[in-house]
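Given these sequences and hints, build the entire structure.
One line per chain: the protein sequences are A and B, in this order.
In terms of our numbering, the first sequence opens at residue 47 and continues consecutively.
In terms of our numbering, the second sequence opens at residue 47 and continues consecutively.
Treat the hints with caution; some may be incorrect.
Where chains are identical, the list cannot tell them apart; a pair therefore holds if satisfied intra-copy or between any two copies.
Said to hold, decoys possible - Computed cross-link-like contacts, DSSO-like style, restricted to lysine-lysine with a CA-CA straight-line distance of at most 27 Å: (1) Lys342 x Lys230; (2) Lys126 x Lys230; (3) Lys178 x Lys198; (4) Lys148 x Lys101; (5) Lys320 x Lys148; (6) Lys342 x Lys126; (7) Lys230 x Lys292; (8) Lys342 x Lys138; (9) Lys198 x Lys342; (10) Lys138 x Lys198; (11) Lys149 x Lys87; (12) Lys149 x Lys270; (13) Lys81 x Lys138.
Everything labelled a hint here was simulated from the structure, so no lab data went into it.
There are 2 protein chains.
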Amino acid sequence: MERKQVVAGIDIGGTNTVFGIVDRDGHILAEDKLKTTDYAKPEVFVAALYEKIIKVMPAIGNNVEIIGFGIGAPMGNINKGTIEHPANLPWKGIIPLAEIFKKHTNLPVLVTNDANTAAVGEMIYGGAKGMKNFVVITLGTGLGSGFVVDGKLVYGHDGFAGEIGHTAIGPPGASNRDCGCGKKGCLETYVSATGIKRTMLKILADSIEPSELRKYSTEELDSKMIHDAAKNRDALAIRAFEHTGKILGFKLADVVAHTNPEAIFLFGGLALAKDMIFKPTKESLEQNLLSIYKGKVKLLQSELNTRNAAVLGASSLIWSDKKL
Amino acid sequence: MERKQVVAGIDIGGTNTVFGIVDRDGHILAEDKLKTTDYAKPEVFVAALYEKIIKVMPAIGNNVEIIGFGIGAPMGNINKGTIEHPANLPWKGIIPLAEIFKKHTNLPVLVTNDANTAAVGEMIYGGAKGMKNFVVITLGTGLGSGFVVDGKLVYGHDGFAGEIGHTAIGPPGASNRDCGCGKKGCLETYVSATGIKRTMLKILADSIEPSELRKYSTEELDSKMIHDAAKNRDALAIRAFEHTGKILGFKLADVVAHTNPEAIFLFGGLALAKDMIFKPTKESLEQNLLSIYKGKVKLLQSELNTRNAAVLGASSLIWSDKKL
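Pasting the structure below:
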């Protein structure tokens, strides 16, 4: 009997690293996690991770074979198999992750950032099945993007394509909003969980209208509270979503003018606000599109918005590489 | 003896259509042209064009075989082989150019816009030989762009990728400059032969400094005069180039954040101003790049800046399609 092929999908985060053993159909057959911050050295981290992966295998049965390791990690570079200067991980400099894995296994190890794994995941398991040209925008603490052109993820010459979270919303001077990257006015300072919070604070400062959000401190306020307030018809919270969508739509028009995708998927927390974010985004996108694109680009919610999206996305790197 | 393979490279312009018979090394073995505006119907135009192509063949010798027709045309759609609503051609609506050609020949006919033919031409005959990820920006009356990702031209889902000339330099309201496309503040209203002229007029209006350009009417002034004045150290003309480069660099930083190219090539009239345009563009590009990209992207002059660039570029569509 032929052995069933599976992939280890690994999501390395600032706090936790989670992994799952995933089959071709996206079933997670086993899963576990470890605390990223427990490991001062990446070599020790990989050894512990590899051990944990091997440990969960017997529970799945004997007739299963791992064919590769797909890893989503901040600043993951697919060309080199490295993580480069990750701001939120315990390790500094350039970490040769794929190479470190080689001490434990000779199977393929692919590393890229989480927006790219989300894009491949959408193609293999989600709403982009059968699509050749699409973009996934991940809306978390920051804004990530993964581009698929002609059925393949775009990595670029240095392995860092798709950082549109750090394109500016206007020319130098157009925005004073500081970004963690050192620039000002980056898209993610407006369109992300932290971005909408900053917009909300700005609206609370500018407006004299009442809002249930005035009772929260800057530290306390988060995007979930803004979402809840907007659902309760808080006028200022609704305005924050509208402004966020307006800026996102404006910049997505640029995305369309670059690669002319069939669809743009929104993934992550803000995308769960559905019409609240989709309506103003779509409106602004259409307003800003060149006429040849108008009415043609689908704006869709990711179908990967599950607890296990990161693990599925990471595992899909290997399936996509096999060109199944 | 094996017959030598050649391609007909055709550049359809608003006034003239020029073509050349091109070999694999980029030698133009024969050429001719016809007046686009002489033909009210595309069918009659193609018949006349095909006849002219056949007519030049005997001069090259008997041992030559045409293997395809590569065509650069405004609003050329590679996916469909059509020209769609070209503003500057005598024909309206959607013109099925490749299909019309089929009445005359069964050879491959590929159609795309001139920025895309410039990009493929750069890859086959120019400075992008051996590059897998690069972008060509054409600076003519407007601003066109062609993206190559992983060794292949990006066409997009609808065949219209790479229209960054029509991305806006800032959010709605940031610019009052009308664009021919119906939008405001498009990149090409600043960065193109007509764009720098508009910037020059703005500077002449804002400044009270003397300039040799004050003697020209709005109609008379052109980008060549601005170039000449800047070479003569006219301070306001130099400022117009600096402003143009500043805006171009700012938007090229967005391009890098999308597809992370190895190089960006500037092609066309403005690119001939060399340092005058390259220096401020490079400076602004580096200022606006995310740190992971800084110092890595080459800004280069096209090596296709010849009289025959359009014909070479068009012919390269066929060579590139053969994946030689």
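Status of each hint after checking the structure:
1. Lys342 x Lys230: between (32 Å within a copy, 21 Å between copies)
2. Lys126 x Lys230: For Lys126 and Lys230, the Cα distance exceeds 27 Å both inside one copy (29 Å) and across copies (42 Å).
3. Lys178 x Lys198: Both: 8 Å inside a copy, 14 Å across copies.
4. Lys148 x Lys101: Cα proximity of Lys148 and Lys101: one copy only (18 Å, versus 63 Å across).
5. Lys320 x Lys148: neither (43 Å within a copy, 48 Å between copies)
6. Lys342 x Lys126: Close across copies (16 Å), not inside one copy (36 Å); limit 27 Å.
7. Lys230 x Lys292: both (19 Å within a copy, 16 Å between copies)
8. Lys342 x Lys138: The answer is between: 21 Å across copies meets 27 Å, while 44 Å in one copy does not.
9. Lys198 x Lys342: both (21 Å within a copy, 23 Å between copies)
10. Lys138 x Lys198: Close neither inside one copy (30 Å) nor across copies (35 Å); limit 27 Å.
11. Lys149 x Lys87: Within one copy only: 15 Å inside a chain, 68 Å across chains, cut-off 27 Å.
12. Lys149 x Lys270: neither (43 Å within a copy, 62 Å between copies)
13. Lys81 x Lys138: Within. Shortest intra-copy distance 17 Å satisfies the 27 Å Cα cut-off; inter-copy 63 Å does not.
Hint check: violations occur at hints 2, 5, 10 and 12; the rest are consistent with the structure.
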